[in-house]
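Q: Chain A is fixed; fit chain W with the ligand onto it per the hints.
If you read the protein sequences in the order shown, they are chains A and W.
Last residue of the first sequence: 516 in the numbering used here, with the numbers rising by one and none dropped.
Last residue of the second sequence: 543 in the numbering used here, with the numbers rising by one and none dropped.
Quick caveat, the hints were computed from the structure, so don't treat them as lab data.
Take these hints with a grain of salt, some might be off.
Facing chain W, from chain A, some residues (calculated, C-beta under 7 Å) [said to hold, decoys possible]:
id	residue
1	247
2	251
3	433
4	475
Simulated coverage check for chain W against chain A, where a stretch passes if three residues somewhere in it have a Cβ under 8 Å from a Cβ of chain A [as the list claims (entries may be wrong)]:
id	stretch
5	239-249
6	319-329
7	382-388
8	434-444
From the three backbone atoms N, C-alpha and C, an ideal C-beta is built for every residue, glycine too.
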Amino acid sequence: MNQPIAAQLLRREFPPALLDQLVALLGAQRVSTAAAVREHHGHDESHFPDALPDAVVFPETTEEVAAVVRACAAHRFPVIPYGTGTSLEGHILAIQGGVTIDLSRMDRVLAVHADDLDAVVQAGVTRKALNAHIKDTGLFFPIDPGADASIGGMSATRASGTAAVRYGTMKENVLALTVVLADGRIIRTGRRTKKSSAGYDLTRLFVGSEGTLGVITEITVRLYPQPEAISAAVCCFPNMVAAASTVIQAIQMGVPVARCDFLDPLCVKAINEHSKTGLQEKPTVFFEFHGSEAGVREQAETVQAIAAEHGAEAFQWATRPEERSKLWQARHDAYFACLQLQPGCRIISTDVCVPISRLAECLAATEEDIRRSGRLVPVLGHIGDGNFHLCIIVDPNNAHDIEIAEQMNHRLVERAIAMEGTCTGEHGIGCGKMAFMDAEHGDSLEVMRMVKRSLDPHNIMNPGKVVAV
Amino acid sequence: MTWAGLVDAVKSAGAHGRALRVRGGGSKDFYGQALEGDVLDTRAVRGIVAHEPTELVLTARGGTPLAEVEDVLARAGQMLPFEPPHFGPGATIGGAVAAGLAGPRRAATNGYTGAIRDFVLGVTLLDGRGEVLRFGGRVMKNVAGYDVSRLIAGSMGTLGVILEVSLKVLPRPPAACTLRLALPDPARAIEQLNAWGGMPLPLTASAYRDGDLALRLEGAESAVKAACRRIGGERVDDAAAAAFWTGMREQTDPFFSLPGALWRVAVPSTAVPLGLPGAQLVEWGGALRWLKGDADAALVRREALRAGGHATLFRGGDKAVGVFTALDPVKARIHARLKAAFDPARVFNRGRMYAEL
Ligand SMILES: Cc1cc2nc3c(=O)[nH]c(=O)nc-3n(C[C@H](O)[C@H](O)[C@H](O)COP(=O)(O)OP(=O)(O)OC[C@H]3O[C@@H](n4cnc5c(N)ncnc54)[C@H](O)[C@@H]3O)c2cc1C
Numbered sequence: 048m049n050q051p052i053a054a055q056l057l058r059r060e061f062p063p064a065l066l067d068q069l070v071a072l073l074g075a076q077r078v079s080t081a082a083a084v085r086e087h088h089g090h091d092e093s094h095f096p097d098a099l100p101d102a103v104v105f106p107e108t109t110e111e112v113a114a115v116v117r118a119c120a121a122h123r124f125p126v127i128p129y130g131t132g133t134s135l136e137g138h139i140l141a142i143q144g145g146v147t148i149d150l151s152r153m154d155r156v157l158a159v160h161a162d163d164l165d166a167v168v169q170a171g172v173t174r175k176a177l178n179a180h181i182k183d184t185g186l187f188f189p190i191d192p193g194a195d196a197s198i199g200g201m202s203a204t205r206a207s208g209t210a211a212v213r214y215g216t217m218k219e220n221v222l223a224l225t226v227v228l229a230d231g232r233i234i235r236t237g238r239r240t241k242k243s244s245a246g247y248d249l250t251r252l253f254v255g256s257e258g259t260l261g262v263i264t265e266i267t268v269r270l271y272p273q274p275e276a277i278s279a280a281v282c283c284f285p286n287m288v289a290a291a292s293t294v295i296q297a298i299q300m301g302v303p304v305a306r307c308d309f310l311d312p313l314c315v316k317a318i319n320e321h322s323k324t325g326l327q328e329k330p331t332v333f334f335e336f337h338g339s340e341a342g343v344r345e346q347a348e349t350v351q352a353i354a355a356e357h358g359a360e361a362f363q364w365a366t367r368p369e370e371r372s373k374l375w376q377a378r379h380d381a382y383f384a385c386l387q388l389q390p391g392c393r394i395i396s397t398d399v400c401v402p403i404s405r406l407a408e409c410l411a412a413t414e415e416d417i418r419r420s421g422r423l424v425p426v427l428g429h430i431g432d433g434n435f436h437l438c439i440i441v442d443p444n445n446a447h448d449i450e451i452a453e454q455m456n457h458r459l460v461e462r463a464i465a466m467e468g469t470c471t472g473e474h475g476i477g478c479g480k481m482a483f484m485d486a487e488h489g490d491s492l493e494v495m496r497m498v499k500r501s502l503d504p505h506n507i508m509n510p511g512k513v514v515a516v
Numbered sequence: 187m188t189w190a191g192l193v194d195a196v197k198s199a200g201a202h203g204r205a206l207r208v209r210g211g212g213s214k215d216f217y218g219q220a221l222e223g224d225v226l227d228t229r230a231v232r233g234i235v236a237h238e239p240t241e242l243v244l245t246a247r248g249g250t251p252l253a254e255v256e257d258v259l260a261r262a263g264q265m266l267p268f269e270p271p272h273f274g275p276g277a278t279i280g281g282a283v284a285a286g287l288a289g290p291r292r293a294a295t296n297g298y299t300g301a302i303r304d305f306v307l308g309v310t311l312l313d314g315r316g317e318v319l320r321f322g323g324r325v326m327k328n329v330a331g332y333d334v335s336r337l338i339a340g341s342m343g344t345l346g347v348i349l350e351v352s353l354k355v356l357p358r359p360p361a362a363c364t365l366r367l368a369l370p371d372p373a374r375a376i377e378q379l380n381a382w383g384g385m386p387l388p389l390t391a392s393a394y395r396d397g398d399l400a401l402r403l404e405g406a407e408s409a410v411k412a413a414c415r416r417i418g419g420e421r422v423d424d425a426a427a428a429a430f431w432t433g434m435r436e437q438t439d440p441f442f443s444l445p446g447a448l449w450r451v452a453v454p455s456t457a458v459p460l461g462l463p464g465a466q467l468v469e470w471g472g473a474l475r476w477l478k479g480d481a482d483a484a485l486v487r488r489e490a491l492r493a494g495g496h497a498t499l500f501r502g503g504d505k506a507v508g509v510f511t512a513l514d515p516v517k518a519r520i521h522a523r524l525k526a527a528f529d530p531a532r533v534f535n536r537g538r539m540y541a542e543l
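Same shape as in the complex, but just chain A:
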């Protein structure tokens, strides 16, 4: 079984010599064993119990990261890369102890090649910081997970966002990487060229490896010209399935919808309370269109007509930039808004993705499951991709409550896998979803284990995540 191995068994004592070496490498200022710092790095946004690293280091260059990894490798001591800690499946928990490499000081945009439509950034640059940096170039970086995550963390989790239908996810938008391997060697994968060098596509292998194959220190990402015109609209539907069908039909007709995201009435209620948006509490889709003035108008008209066929109400427009950003900010804050529905609670966020043709069926069965449970479960998602989330609200101090929520997630994952879907469309495996890997991958999991062993023979890179070896 692909299960996180009982952590306390594997936790080893922190070698005092290693601490001395780390201090010698980075100076006492950038190596911390303080309880507060370890606590901060020992929990993520998930509901999992904390697991603190033995030390946290703050390197500033690829060479420093390499030196840290070399030192840890010599002691066969775990290394946990850390971006902004916003992942949702216990990705950064130091379940076997170890040294957390916090990349937040590697926050420089190294180059912007406006003509080549790419930028080279250090791993700790956040998506918002990158967009602020390139604001005046007429370009933008389109991937926007709900949190202001680091580009390194986003690469490591193969993150996506509200614009994936049009611009893809991290896997399509990372062109090249600098990676520190498990033995401390540095490699550069890919180049700033469209056709990567010959050989296996190592870039794609590291993208989504969740820190288990190496530490990503620099990333070359693709940028896009800012569209000439942007318009955003909100549209209410009679139910979730009608909303999903509209989005799918629009994409199938080739309407290049830039962003579209679904929120159920409970979710709308939550964001209304949190972000004062005053939206109708109905099944709702947020749309955004990018293109020329004429193109945007044309796209919006087509989508409105399809929506009307599915019983939707008229679009409400947000054309001014402030209105638009307020709307999408509210959408991005939906997770935090949902947390506020029940003070003191945590959220178990599900993340299945199913083939588009099965989405309506999957949504309907899931809605029924929620109804029968009688729980508070807001639903939202990137339905254009077949990916949606339940935010199952739980009391973190009530084991029974968590158990019931996890059962709901299990049923959903089983349903999705039976429909040829996946347990995770964008959040990743971490330790939270490891148990689903057998059902989803069967024998292929063994090859993933071999891939892990090929790159990290001593299992020091974020051990106990993704695949158990």
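A: Only chain W with the ligand this time, still in chain A's reference frame:
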């Protein structure tokens, strides 16, 4: 040979230490370092397994003719967004994915774009032990574990036989227009291509040679019209335009019949014209430079590297100089280990990519 037949052939080859050469229609036999071993013909494992037009996903057996796949899609108003070259009538979809080559549309700036791997959603692979493994599936987004299906794209059959592949497909753009412009100065032409590339224009192909630039614009009617007005130049009639882009994609354009070896040089799109002897053709908005002639291999590689790219000896020439740019020792070791994870007995395509794989 059936699916089960392939499995048996691979198991037996593995047990006897024999090499197999995975082959569909053989249209890309010219590509790569060496051909070794008995042919393992994939063409009996064919047929479209699933294509639900509303889903924008097509699943086909590896030995399905590429032409058949494209036909089925065309009838539904859809296409393979990476415009893979056939290089011959027998090309199969499995071969196209394994070769990882994309046509003129590769560098489109309006979303009708990408490399083959960006559209591979899942593969069913026959590995070197004779095991049938599935990676990914038919879903648009999947982050459950390592992205093995994308590792397979472009691996040139060295990791396994693609038995089945699921691909994301796209609707055909409703409108298209090809423009022709005279730009005598190559450096200026590259600058201009890059300037357009940075604008929100629906550019889906470009080709520049000898002062003559061809641009293809595709998308919504209004967007194409607006872009044509903005760019200017002379409109090429649709039939001639289609023939021209086919010539680029299939390398039947007269450029490819010039004497000498054909080098494929990938560079950042802004790289200045390469200072190399021979004829040059610029594609992908400047990011791809074809070189035809007898330039010295070491010189070509040096110039490619200087421009921030790399060079492949695509067709012809002396393969002893290495078809692909050599790997550094660290990467070579990773390659060997990955190869061993999938194909420990080195059954598949020995030496096709690098001698030691
Ligand atoms: C409110 C909210 C909304 C979200 N919405 C989305 C969404 O829409 N789409 C989506 O995809 N995700 C979403 N997420 C999840 C999360 O934001 C993403 O997974 C994000 O990519 C994590 O980035 P991070 O910098 O916080 O990484 P971390 O949480 O710090 O790390 C994540 C994983 O990557 C590894 N890692 C981090 N940096 C590196 C590095 N430099 N090299 C190697 N490994 C590294 C870590 O070891 C860990 O395994 C959301 C999270 C929250 C809290």
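Q: Hints first: check each against the structure and report whether it holds.
A: Going down the list of hints, with the structure as the test:
no., hint, verdict
1, 247, "holds (6 Å)"
2, 251, "holds (4 Å)"
3, 433, "holds (6 Å)"
4, 475, "holds (5 Å)"
5, 239-249, "holds (count 5)"
6, 319-329, "holds (count 10)"
7, 382-388, "holds (count 4)"
8, 434-444, "violated (count 0)"
In terms of the numbered hints stated before, the structure departs from hint 8 and from no other.
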